[in-house]
Amino acid sequence: MSYSEKVIDHYEHPRNVGSFQKSDGGVGTGLVGAPACGDVMKLQIKVSAEGIIEDAKFKTFGCGSAIASSSLVTEWVKGKTLDEAAKIKNTEIAQHLALPPVKIHCSVLAEDAIKAAIADYKKKNGLEEDAAQ
Amino acid sequence: MNEFDQSSSSGAIVPCWSCKGPISPRALFCSTCGAVQPPGDVDHFTRLGLRRAYSLDPAELDRQYFGFQRRLHPDRFATRAPKERALSQAQATALNDAYETLKDPLKRAAYLLRLAGRVVDVDQAATVTDPELLMEAMEMREALAEADTPDEVAVLAAQAEGEMAQCETDLARAFAEQDLDVAGKLTTRMKYLGKLAEEARSRKIRMTRPGI
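Residue numbers (the working numbering), protein chains in the order written: chain R, 28 to 160; chain A, 10 to 221.
In case anyone wonders, no lab produced these hints; they're calculated from the structure. The structure displayed is predicted, hence computed values, not measured ones. There's no promise every hint is true.
Said to hold, decoys possible - The calculated lysine to aspartate or glutamate pairs, modelled on DMTMM-like cross-linking and capped at a C-alpha distance of 25 Å, are: (1) R:K84 with A:E151; (2) R:K84 with R:E119; (3) R:K142 with A:E155; (4) A:K112 with A:D50; (5) R:K73 with A:E145; (6) R:K142 with A:E145; (7) R:K150 with A:E208; (8) R:K73 with A:E148; (9) R:K33 with A:D139; (10) R:K49 with A:E155; (11) R:K114 with A:D139; (12) R:K151 with R:E119; (13) R:K150 with R:D82; (14) A:K116 with A:E208; (15) R:K84 with A:D50.
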């Protein structure tokens, strides 16, 4: 199996690698894993008082597709509202990166990670979980 | 062979495909004409004549496997009819499958969970969110990424392998107590530890043989 150019680009030059202080009130952290591969992915968002995602960081231990998927999501969510970010679908990630069928679950993991980060931020800040799924 | 006769716990009698003589559905050979039979629809433990339990004695597993394999190996059927050759091949494949699954402590755990009707995390492309498990996995992988000498990497690999051995002990207890929730968690944890040990090994190779 060969990786697409976009996957290789994100893999070799991952955007936004790193961490925010987890205890920071404006930070939401999503920690998810894919046990079938033994992958682990941490995705964090820094949210402004207006509810806009100002910055995002990730740290992923996994295959190239998992790294590329999380790297891409950190790029996409910047400047979005929480609701907009929550609407990112794994299919968009997979399509953008041209992931082969066996790697689709890597994009699912990235979608689950951003959702978990948003949920964590909302919980921390006493915001109700909206029903928009 | 052992206390579990291949035919004792089977159900109805079926006809031999060759001579139509009566045989147990789990019989390996027809008692009338001696023809090899198709592999029965049994679990891996039964196939190898072992008690269904997580704890097993690797020496006994080897003994059972090689014992059956000797009797069913396709080489013994090289001069027989094509149907018998094909059946011995099917029997040998089923034995290999059972052996490979039961020999590996992680595969054995996942298999027992599946037999108990559990959805097993490590089988599927699902997402887990257990924070304790994932924090541990993240911290260990970070430590590995930061280790910059072969010795440091070796320490982490040894740690992971030690934790895996502990998981195996804990799994034996959890299965004995039929605590399948705990067994499921331990199985997932073992998978992550195995992945870490694997990454540590390949990192150590890259460090000691930089040309590769």
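(Q) Please verify whether K49 of chain R and E155 of chain A have alpha carbons no more than 25 Å apart. (A) Cα-Cα ~20 Å, so holds.
Hinted pair K142 of chain R and E155 of chain A, Cα distance within 25 Å
29 Å, violated
*Going straight from one Cα to the other, do K150 of chain R and D82 of chain R come out at no more than 25 Å?*
19 Å, holds
Fill in: Restraint status (C-alpha distance of K114 of chain R to D139 of chain A at most 25 Å)
23 Å, holds
Given hint E119 of chain R paired with K84 of chain R - CA-CA distance at most 25 Å | Since the Cα atoms of K84 of chain R and E119 of chain R sit roughly 20 Å apart, the hinted pair holds (cutoff 25 Å).
For this session: Given the hint that K116 of chain A pairs with E208 of chain A, test it: the Cα-Cα distance must not exceed 25 Å.
Result: With Cα atoms ~19 Å apart, K116 of chain A and E208 of chain A stay inside 25 Å; holds.
Requested in this report: Sort out whether E148 of chain A lies within 25 Å of K73 of chain R, counting only the CA atoms.
Outcome: 22 Å, holds
Take a quick look at whether K112 of chain A and D50 of chain A sit within 25 Å of each other, Cα to Cα.
Judged against 25 Å, a Cα distance of about 20 Å means the pair holds.
query: Taken at face value, is the distance from the CA of E145 of chain A to the CA of K73 of chain R at most 25 Å?
result: At roughly 24 Å apart (the allowed maximum being 25 Å), E145 of chain A and K73 of chain R satisfy the hint.
Practice prompt. Sort out whether D139 of chain A lies within 25 Å of K33 of chain R, counting only the CA atoms.
Written response: 31 Å, violated
Given the hinted pair K84 of chain R and D50 of chain A, is their alpha-carbon gap at most 25 Å? 51 Å, violated
query: Given the hint that K142 of chain R pairs with E145 of chain A, does the C-alpha gap stay at or below 25 Å?
result: Roughly 21 Å separates the two Cα atoms, so the pair holds.
The structure does not agree with the numbered hints 3, 7, 9, 12, 15 stated previously, though it agrees with the rest.
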